[in-house]
Amino acid sequence: MTDLLSSAYLWIKAIHIMAVITWMAGIFYLPRLFVYHAEQAKPGDARDEVFQVMEYKLFRYIMRPSMMVVWAFGLALVMVPGVVDWGSVWPWVKLLAVLGMTWFHMWCGKHVRFFAQSGSTLTGRQYRMMNEVPTVLMIAIVFAVVLKF
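Note that the numbering used here gives residue 10 to position 14 of the sequence shown, counting from 1, and the numbers run on in steps of one.
Each hint should be verified, as a subset may be incorrect.
[To be verified] Cut-off 25 Å, straight-line C-alpha distance, at most; resulting in silico cross-link-like pairs (PhoX-like, lysine-lysine):
(1) Lys38 - Lys144
(2) Lys9 - Lys144
(3) Lys53 - Lys38
(4) Lys106 - Lys53
[Stated by the list, open to error] Label-pair ranges, simulated between beta-carbon atoms:
(5) Arg121 - Ala21: 19 to 29 Å
(6) Ala42 - Trp7: 38 to 48 Å
(7) Ser3 - Tyr52: 37 to 47 Å
(8) Asp81 - Ala42: 50 to 60 Å
(9) Pro77 - Gly120: 41 to 51 Å
(10) Leu6 - Ser114: 12 to 22 Å
(11) Asp81 - Ser3: 17 to 27 Å
(12) Leu6 - Gly40: 47 to 57 Å
(13) Trp7 - Asp81: 21 to 31 Å
(14) Met(-3) - Leu92: 25 to 35 Å
(15) Tyr5 - Leu91: 15 to 25 Å
(16) Ala112 - Trp7: 29 to 39 Å
(17) Trp67 - Gln36: 32 to 42 Å
(18) Leu73 - Gln36: 37 to 47 Å
Honestly, the hints are just simulated from the structure, not real lab data. Since the structure is predicted, the reported quantities are computational estimates derived from the model, not experimental observations. Each residue gets a CB set at the ideal place from its N, CA and C atoms; glycine is no exception.
All chains should be modelled from the sequences, with the hints used to inform the complete structure.
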């Protein structure tokens, strides 16, 4: 199994990176949709319905599959011999940040459901503030992986 993973390492890494890009695009955009939804739509109006469709499709058909591919190929990368030195700090920082990103993904899914059921209780400003969470986590992940401290 490790021979197969080692020989496919560059393919696994490439697919992982593409899935990360797709997931991050959704993670950055969905809270932005929440901002506009909270500020420009009232429950039940035409804009509300449009935002709900956009949010649902982005979450369900782009973000969720991307996250699953990120996790699957990320775990495959971890299993390639010599890729991760668990004695270093960087893989633990990355793991914690990816867990944080996964929590944020789930938080977004919860808010997609809130808007679909009865509207959200958060303001556009609160959604703007939450939109900074994935940025901070992304910075931690990139520095950890590139600098390998």
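For each hint, the structure was consulted:
At roughly 47 Å between alpha-carbon atoms, Lys38 and Lys144 are farther apart than 25 Å, so this suggested pair is violated. For a cut-off of 25 Å, the pair hint linking Lys9 to Lys144 stands: about 16 Å separates their Cα positions. Restraint check for Lys53 and Lys38: the C-alpha separation of about 20 Å stays at or below 25 Å, so the hint holds. Distance restraint check for Lys106 and Lys53: the Cα-Cα separation of roughly 14 Å lies within the 25 Å cut-off, and the hinted pair is therefore satisfied.
Range check, Arg121 to Ala21: Cβ separation about 23 Å, and the 19 to 29 Å hint holds. At roughly 45 Å, the beta-carbon separation of Ala42 and Trp7 lies within the given 38 to 48 Å, and the hint holds. Checked against the hint of 37 to 47 Å, the C-beta distance between Ser3 and Tyr52 comes to roughly 40 Å, which is consistent with it. Checked against the given bound of 50 to 60 Å, the beta carbons of Asp81 and Ala42, roughly 54 Å apart, stay inside it.
Taken as a hint, the range 41 to 51 Å holds for the pair Pro77 and Gly120, whose Cβ atoms sit roughly 48 Å apart. About 48 Å separates the C-beta atoms of Leu6 and Ser114, a value inconsistent with the hinted range of 12 to 22 Å. Our hint of 17 to 27 Å for Asp81 and Ser3 holds, since their Cβ atoms are close to 21 Å apart. Distance hint for Leu6 and Gly40: a CB-CB separation of about 51 Å, consistent with the stated range 47 to 57 Å.
Checked against the given bound of 21 to 31 Å, the beta carbons of Trp7 and Asp81, roughly 22 Å apart, stay inside it. Distance hint check for Met(-3) and Leu92: the Cβ-Cβ separation is about 27 Å, which falls inside the suggested range of 25 to 35 Å. Between Tyr5 and Leu91 the CB atoms are about 19 Å apart, so this pair conforms to the stated range of 15 to 25 Å. For Ala112 and Trp7, the hinted distance range of 29 to 39 Å is satisfied, since their beta carbons lie about 38 Å from each other.
Under the hint 32 to 42 Å, the C-beta atoms of Trp67 and Gln36, about 34 Å apart, fit the expected range. At about 41 Å, the beta-carbon gap between Leu73 and Gln36 stays in the expected band of 37 to 47 Å.
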